[in-house]
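Visitor: Read off the chains here:
There are 2 protein chains.
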Amino acid sequence: MSDAKPKAVVLLSGGLDSTTTLAIAKSQGFECFALSFDYGQKQKSELVTAANVAKIFNATEHRIMKISLSDIGGSALTDDNIDVPDFKESDEIPITYVPARNTIFLSYALAWSEVLDCQHIFIGVNALDYSGYPDCRQEYIDAFSVMANLATKQGVEGQKINIQTPLINLSKAQIIQQGVALGVDYANTTTCYQANENGEACGVCDACEYRKIGFFEAKIKDPTRYQA
Amino acid sequence: MSDAKPKAVVLLSGGLDSTTTLAIAKSQGFECFALSFDYGQKQKSELVTAANVAKIFNATEHRIMKISLSDIGGSALTDDNIDVPDFKESDEIPITYVPARNTIFLSYALAWSEVLDCQHIFIGVNALDYSGYPDCRQEYIDAFSVMANLATKQGVEGQKINIQTPLINLSKAQIIQQGVALGVDYANTTTCYQANENGEACGVCDACEYRKIGFFEAKIKDPTRYQA
Numbered sequence: 001m002s003d004a005k006p007k008a009v010v011l012l013s014g015g016l017d018s019t020t021t022l023a024i025a026k027s028q029g030f031e032c033f034a035l036s037f038d039y040g041q042k043q044k045s046e047l048v049t050a051a052n053v054a055k056i057f058n059a060t061e062h063r064i065m066k067i068s069l070s071d072i073g074g075s076a077l078t079d080d081n082i083d084v085p086d087f088k089e090s091d092e093i094p095i096t097y098v099p100a101r102n103t104i105f106l107s108y109a110l111a112w113s114e115v116l117d118c119q120h121i122f123i124g125v126n127a128l129d130y131s132g133y134p135d136c137r138q139e140y141i142d143a144f145s146v147m148a149n150l151a152t153k154q155g156v157e158g159q160k161i162n163i164q165t166p167l168i169n170l171s172k173a174q175i176i177q178q179g180v181a182l183g184v185d186y187a188n189t190t191t192c193y194q195a196n197e198n199g200e201a202c203g204v205c206d207a208c209e210y211r212k213i214g215f216f217e218a219k220i221k222d223p224t225r226y227q228a
Numbered sequence: 001m002s003d004a005k006p007k008a009v010v011l012l013s014g015g016l017d018s019t020t021t022l023a024i025a026k027s028q029g030f031e032c033f034a035l036s037f038d039y040g041q042k043q044k045s046e047l048v049t050a051a052n053v054a055k056i057f058n059a060t061e062h063r064i065m066k067i068s069l070s071d072i073g074g075s076a077l078t079d080d081n082i083d084v085p086d087f088k089e090s091d092e093i094p095i096t097y098v099p100a101r102n103t104i105f106l107s108y109a110l111a112w113s114e115v116l117d118c119q120h121i122f123i124g125v126n127a128l129d130y131s132g133y134p135d136c137r138q139e140y141i142d143a144f145s146v147m148a149n150l151a152t153k154q155g156v157e158g159q160k161i162n163i164q165t166p167l168i169n170l171s172k173a174q175i176i177q178q179g180v181a182l183g184v185d186y187a188n189t190t191t192c193y194q195a196n197e198n199g200e201a202c203g204v205c206d207a208c209e210y211r212k213i214g215f216f217e218a219k220i221k222d223p224t225r226y227q228a
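Which chain is which? The protein sequence lines are W and F, in order.
Numbering of the first sequence is given in my numbering, commencing with residue 1 and proceeding in unit increments.
Numbering of the second sequence is given in my numbering, commencing with residue 1 and proceeding in unit increments.
A hint or two may mislead.
To be verified - Derived coverage of chain W by chain F (criterion: at least 3 residues anywhere in the stretch with Cβ under 8 Å from a Cβ of chain F; other residues may be distant):
no. : segment
1   : 62–69
2   : 103–113
3   : 135–146
4   : 149–156
What the hints assert, rightly or not - For each label pair, taking beta carbons as the anchor points, the in silico distance ranges come out as:
no. : chain 1 : residue 1 : chain 2 : residue 2 : range
5   : W       : E217      : F       : L128      : 53 to 59 Å
6   : F       : K160      : W       : S68       : 23 to 29 Å
7   : F       : D142      : W       : K7        : 55 to 61 Å
8   : W       : G183      : F       : D142      : 40 to 46 Å
9   : W       : V180      : F       : E197      : 56 to 62 Å
10  : W       : F216      : F       : K160      : 49 to 55 Å
11  : F       : N198      : W       : G203      : 34 to 40 Å
12  : F       : A4        : W       : I213      : 42 to 48 Å
13  : F       : L128      : W       : A181      : 51 to 57 Å
14  : W       : Q138      : F       : F216      : 49 to 55 Å
Calculated directly from the structure, the hints in this document are not laboratory data.
Think of the CB as a built atom: it goes at the ideal place given N, C-alpha and C, for glycine as much as any other residue.
The whole structure should be built from the sequences, with the hints applied where relevant.
Guide: Structure follows, in structure tokens:
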């Protein structure tokens, strides 16, 4: 083994969860390669936020891949014909679910990690304060890991890929507390599904609601900039 | 159940294997949605070939998704700095391997199938006459299926996604025989890793070599158009 830091590809949207995930990967001694997607999301300002966050946490590289999920449609986050709804308690998977999004994101991370000769992928999925998305659960991540190690040259040759999900069992309040302890300034992050071009949040979508409750329960002042 | 045909998303490169796969899906009574990728491959003529094949087999829709595998690099098929090598017998995974390619392709197929309310995805992977790619093996496909059914809303709600690999245990000769029996004219397909803009094959890469041997062993005249 060399003294070089182990490498990690970190999926980074510039939101609260992925920013905290990057801070955690950094604090664990990884050399971080941040990966974001321009996937036709309505909320374009998250890419600016992500670039800023990658710089703050000194990522070796920040790559934004342009992919065309909006060609597929089927979600309020990518389809111009479907509005982002206000927050509502429900057991159903909401219309903000983007079909197979994490699978597509992790597949690109897998490809990039193989080219980088990197065996760690960090993703900020969270199974508690989430919207019921199937691709945020541990059993999904475990299945992806099994598949990933059969899919790739490095997996087959014995260099096991690890999908790291440091937030998966944390509440939003615990995520915020951990991030603050690691020096994250959440004023630099954007969580809202329909933030405006200045990165100001709507305050009424699911993502805003979970974030607000998180700051309240963490007893930390909410630094989010809301639309007037 | 309605009388409507079941739907299938069919991954289609316009090569011998994927064209045969489309013919098989069609012959099994599926309504076919063909999916191709403009992924920065050197061999652009395959997209023209794929569009033609989709039309011949009467696909309900043929979608070409533009994705940026060349941004990731690491393969002779997508990286301008790496030449496509001539055919060579070897136990090693060759430089034509594209990191995580089938995983990315299947992930998009999964997303599209969910939007289409479709439970079948056809992919023409083949575990025999192939180049040792890890993502062409049955165990990889099985692992992808498990993951896919945990990843998606329709999987979680009990509408199981089936990844169909009708060619996986066939020799190239058997694939050709089956295709000819289903009316495939292989003159309309392009297999070569570095075909020219007219779709004429190089005759020396792995893909050309396996195809040539296939026609020879099938005792069927090779209709491939080679570069002068």
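Visitor: To test your reading of the hints: which numbers does this structure violate?
Guide: 7, 10 and 11
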